[in-house]
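A.B. asks: Residue strings, one per chain:
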Amino acid sequence: DQQVKQNSPSLSVQEGRISILNCDYTNSMFDYFLWYKKYPAEGPTFLISISSIKDKNEDGRFTVFLNKSAKHLSLHIVPSQPGDSAVYFCAADAGGTSYGKLTFGQGTILTVHP
Amino acid sequence: GAVVSQHPSWVICKSGTSVKIECRSLDFQATTMFWYRQFPKQSLMLMATSNEGSKATYEQGVEKDKFLINHASLTLSTLTVTSAHPEDSSFYICSAGGVGYTFGSGTRLTVV
Numbered sequence: 069d070q071q072v073k074q075n076s077p078s079l080s081v082q083e084g085r086i087s088i089l090n091c092d093y094t095n096s097m098f099d100y101f102l103w104y105k106k107y108p109a110e111g112p113t114f115l116i117s118i119s120s121i122k123d124k125n126e127d128g129r130f131t132v133f134l135n136k137s138a139k140h141l142s143l144h145i146v147p148s149q150p151g152d153s154a155v156y157f158c159a160a161d162a163g164g165t166s167y168g169k170l171t172f173g174q175g176t177i178l179t180v181h182p
Numbered sequence: 016g017a018v019v020s021q022h023p024s025w026v027i028c029k030s031g032t033s034v035k036i037e038c039r040s041l042d043f044q045a046t047t048m049f050w051y052r053q054f055p056k057q058s059l060m061l062m063a064t065s066n067e068g069s070k071a072t073y074e075q076g077v078e079k080d081k082f083l084i085n086h087a088s089l090t091l092s093t094l095t096v097t098s099a100h101p102e103d104s105s106f107y108i109c110s111a112g113g114v115g116y117t118f119g120s121g122t123r124l125t126v127v
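As given, the protein sequences belong to chains A and B, one line each in that order. All residue numbers for the first sequence refer to our numbering, where the first residue is 69 and numbers rise by one. All residue numbers for the second sequence refer to our numbering, where the first residue is 16 and numbers rise by one.
Please note: incorrect hints may appear among the correct ones.
As the list claims (entries may be wrong) - Here are the computed lysine-lysine pairs in the BS3-like style, where the Cα-Cα straight-line distance is at most 25 Å:
no., chain 1, residue 1, chain 2, residue 2
1, A, Lys106, A, Lys124
2, A, Lys122, A, Lys73
3, B, Lys70, B, Lys29
4, B, Lys35, A, Lys106
5, B, Lys56, A, Lys106
6, B, Lys81, A, Lys105
7, A, Lys105, A, Lys73
8, B, Lys70, B, Lys35
9, B, Lys29, B, Lys79
10, A, Lys139, A, Lys73
11, B, Lys81, B, Lys56
12, A, Lys73, B, Lys70
Claimed, not checked - Some chain A residues flagged as far from chain B (calculated, every beta-carbon gap over 12 Å):
no., residue
13, Glu83
14, Thr113
15, Ser120
16, Pro150
17, Ser166
18, Leu170
19, Gln174
Hints in this document: simulated from the structure, not taken from any laboratory. Note that beta-carbon positions come from the ideal geometry of N, C-alpha and C, so glycine has one too.
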């Protein structure tokens, strides 16, 4: 049972344009969401997060949107740069006694072309 | 910020041998650490939760006798893959709980 889903295995974007990565979840107990960037054979690097009490969080070129009713979140990268090319994972935390325990999506490979 | 150090970065071992992976919190104390595994082109899957001074809790389907976890101090958790087999070849990553969601750099295990 995949509780966090990233339905797009890959995304290709031109440099300077917007990259939009999507993530859906099914567990209504999730109350904190994160996006990570990852390269092969390396640990995930934290990008941005959002609490379920908010619908938007922005940090530089990265913005995360949360639609709690639709159980959907998205990561916007504007403008996209070639250095953004990597695998992006969304993750969710149910908090409480499970605080810190993350459920990950399958990942989306982002390729930004110069 | 919080730093989690994981060693080794990669290891190759013969089938049937055991391998130990260390995860250290460098500038903070971690009462809880999480161990994940990632197979090629797949997601990160939680294997177990390591609690300082008590037994680890394992996710469904993870063999506790095969993946031994020890969290003897507030800064060190270890994962030992016992009697490793080729199907255990994977990327193992730890993270520290309680101080955000910082991950170690991961360990690529190859069993030949």
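A.B. asks: Next, verify each hint and record whether it holds.
C.D. replies: Cross-check of the supplied hints:
Only pairs whose Cα atoms come within 25 Å are accepted, and Lys106 of chain A paired with Lys124 of chain A is accepted, the gap being roughly 23 Å. Straight-line distance between C-alpha atoms of Lys122 of chain A and Lys73 of chain A comes to about 20 Å, which keeps the hinted pair within the 25 Å bound. Pair hint Lys70 of chain B plus Lys29 of chain B does not hold up; C-alpha atoms about 28 Å apart against a cutoff of 25 Å. With a C-alpha separation of about 24 Å, the suggested pairing of Lys35 of chain B with Lys106 of chain A holds against the 25 Å cut-off.
The hinted pair formed by Lys56 of chain B and Lys106 of chain A meets the criterion: a straight-line CA distance of about 12 Å does not exceed 25 Å. For the hint linking Lys81 of chain B to Lys105 of chain A, the alpha-carbon distance of about 30 Å lies beyond 25 Å, and the restraint is violated. A hinted pair counts as satisfied when its Cα atoms are at most 25 Å apart, and Lys105 of chain A with Lys73 of chain A qualifies at roughly 16 Å. For a cut-off of 25 Å, the pair hint linking Lys70 of chain B to Lys35 of chain B stands: about 17 Å separates their Cα positions.
Taking the CA atoms of Lys29 of chain B and Lys79 of chain B, the gap is about 21 Å. The hint holds against a cut of 25 Å. Of the supplied pair hints, the one linking Lys139 of chain A and Lys73 of chain A holds, its CA atoms being roughly 11 Å apart against a limit of 25 Å. Distance hint between Lys81 of chain B and Lys56 of chain B is fulfilled; the C-alpha atoms sit about 24 Å from each other, no more than 25 Å. Taking the CA atoms of Lys73 of chain A and Lys70 of chain B, the gap is about 31 Å. The hint is violated against a cut of 25 Å.
Every beta carbon of chain B lies more than 12 Å from that of Glu83 of chain A, the smallest distance being close to 25 Å; the non-interface claim holds. With a closest Cβ-Cβ approach of about 8 Å to chain B, Thr113 of chain A is found to fall inside the 12 Å limit, against its non-interface label. The claim that Ser120 of chain A is not at the interface with chain B holds, since no C-beta of that chain comes within 12 Å of its own (minimum 15 Å). Under the 12 Å C-beta cut-off, the non-interface status given to Pro150 of chain A relative to chain B holds; the minimum distance is some 22 Å.
A Cβ of chain B approaches the Cβ of Ser166 of chain A within 12 Å, the least distance being about 9 Å, so the stated non-interface status is violated. Look at Leu170 of chain A: its CB is around 7 Å from the nearest CB on chain B, not clear of 12 Å, so calling it non-interface is violated. Under the 12 Å C-beta cut-off, the non-interface status given to Gln174 of chain A relative to chain B is violated; the minimum distance is some 5 Å.
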